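A.B. asks: Sequence:
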Amino acid sequence: ESMFPRGVVYEGVAELGDKPVSFRGESGANDSMVPLVDNLMGIPMPETPLTEILKDFRSYRPGEHRGFLEWVKRAGEGGGLKGWALQLGAGAREEDGEGVRESRALWIKVLDQVRDFRWRHWCFAREYILKRTSHPTATGGSPIVTWLPNQLAAVMDEMVRVYEAVGGGLGEDVEGIMDLVGRQREMLRKEVRKFCEERGVEADV
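Count along the sequence shown from 1, then add 787; that gives the number in this note's numbering.
Be aware that a few hints might be false.
Claimed, not checked - DSSO-like mimics (lysine-lysine), calculated; alpha carbons at most 27 angstroms apart, straight line:
(1) K896 / K860
(2) K842 / K896
(3) K869 / K842
(4) K842 / K860
(5) K977 / K918
(6) K896 / K869
(7) K977 / K896
(8) K981 / K918
(9) K806 / K842
Read the hints as simulated data drawn from the structure, not as lab findings. Keep in mind it's a predicted model, so treat the numbers as computed, not measured.
Construct the complete structure from the given sequences, taking the supplied hints into account.
C.D. replies: Here is the structure:
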């Protein structure tokens with residue numbers, strides 16, 4: 788959008804009324820797979836301007852995709868999937884202990900797949916874009932330094948909340964996952980601060 792601050796007129800497109808319009812560029816946020824898991828797992832996003840951009844990208848998906856993602860979100864929340872998997876309430880029974888631990892561990896492992904995807908995405912952006920250009924805006928019009936960390940930090944924060952809520956004790960695999968999450972959270976904060984300071988912008992993570 789910064790290349791065309793007044794928008795672009797698409798001549799002959801009656802639906803746009805021959806008036807200047809501004810669209811976001813291509814972005815991985817247009818994809819539906821990761822938002823599908825976000826909605827299924829009930830991963831909360833922070834109340835930030837960056838999350839508002841994320842919501843704006845939803846309108847760029849095909850209508851069937853938007854409808855399905857909203858249905859998954861409603862079904863996950865209305866059906867109590869997260870509560871059933873984690874069994875945090877008074878309804879948890881002692882005799883179900885091993886099954887509940889396994890369910891909790893699997894929940895964190897699924898969240899970890901989202902974390903792993905977003906961490907790799909961040910690493911690619913860091914190595915091949917941030918270290919090679921000072922341009923402040925990504926292809927979709929989002930702030931290039933803080934955009935990906937907004938979503939990455941959200942899933943790592945959720946993993947920490949869940950792990951603390953269940954009180955740990957989910958085995959060595961999950962313990963290793965959470966140790967990695969702790970180190971990556973701190974690394975992400977330092978990297979974002981560094982890149983923001985270099986560009987003279989405020990760090991939101």
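A.B. asks: Need the status of pair K842, K860: alpha-carbon distance at most 27 angstroms?
C.D. replies: At roughly 14 angstroms apart (the allowed maximum being 27 angstroms), K860 and K842 satisfy the hint.
A.B. asks: Below or equal to 27 angstroms on CA atoms is what counts here, so check K806 against K842.
C.D. replies: Holds, at roughly 24 angstroms.
A.B. asks: Just to be careful, I want the Cα atoms of K896 and K860 compared with a cutoff of 27 angstroms; is the pair within it?
C.D. replies: Holds, at roughly 20 angstroms.
A.B. asks: So if I understand the rule, the pair passes when the alpha-carbon distance is 27 angstroms or less; does K869 with K842 pass?
C.D. replies: 22 angstroms, holds
A.B. asks: Given the proposed pairing of K981 with K918, does the C-alpha separation stay at or below 27 angstroms?
C.D. replies: 11 angstroms, holds
A.B. asks: Taking 27 angstroms as the top limit, are the C-alpha atoms of K896 and K869 close enough?
C.D. replies: With a Cα-Cα distance of about 14 angstroms, the restraint between K896 and K869 holds, given a limit of 27 angstroms.
A.B. asks: Check the hint pairing K977 with K918 against an upper bound of 27 angstroms on the C-alpha distance.
C.D. replies: 15 angstroms, holds
A.B. asks: Hint check: K842 vs K896, CA-CA at most 27 angstroms. Holds or violated?
C.D. replies: With Cα atoms ~26 angstroms apart, K842 and K896 stay inside 27 angstroms; holds.
A.B. asks: Given the hint that K977 pairs with K896, test it: the Cα-Cα distance must not exceed 27 angstroms.
C.D. replies: 25 angstroms, holds
Every hint, counting from the list given before, is met by this structure.
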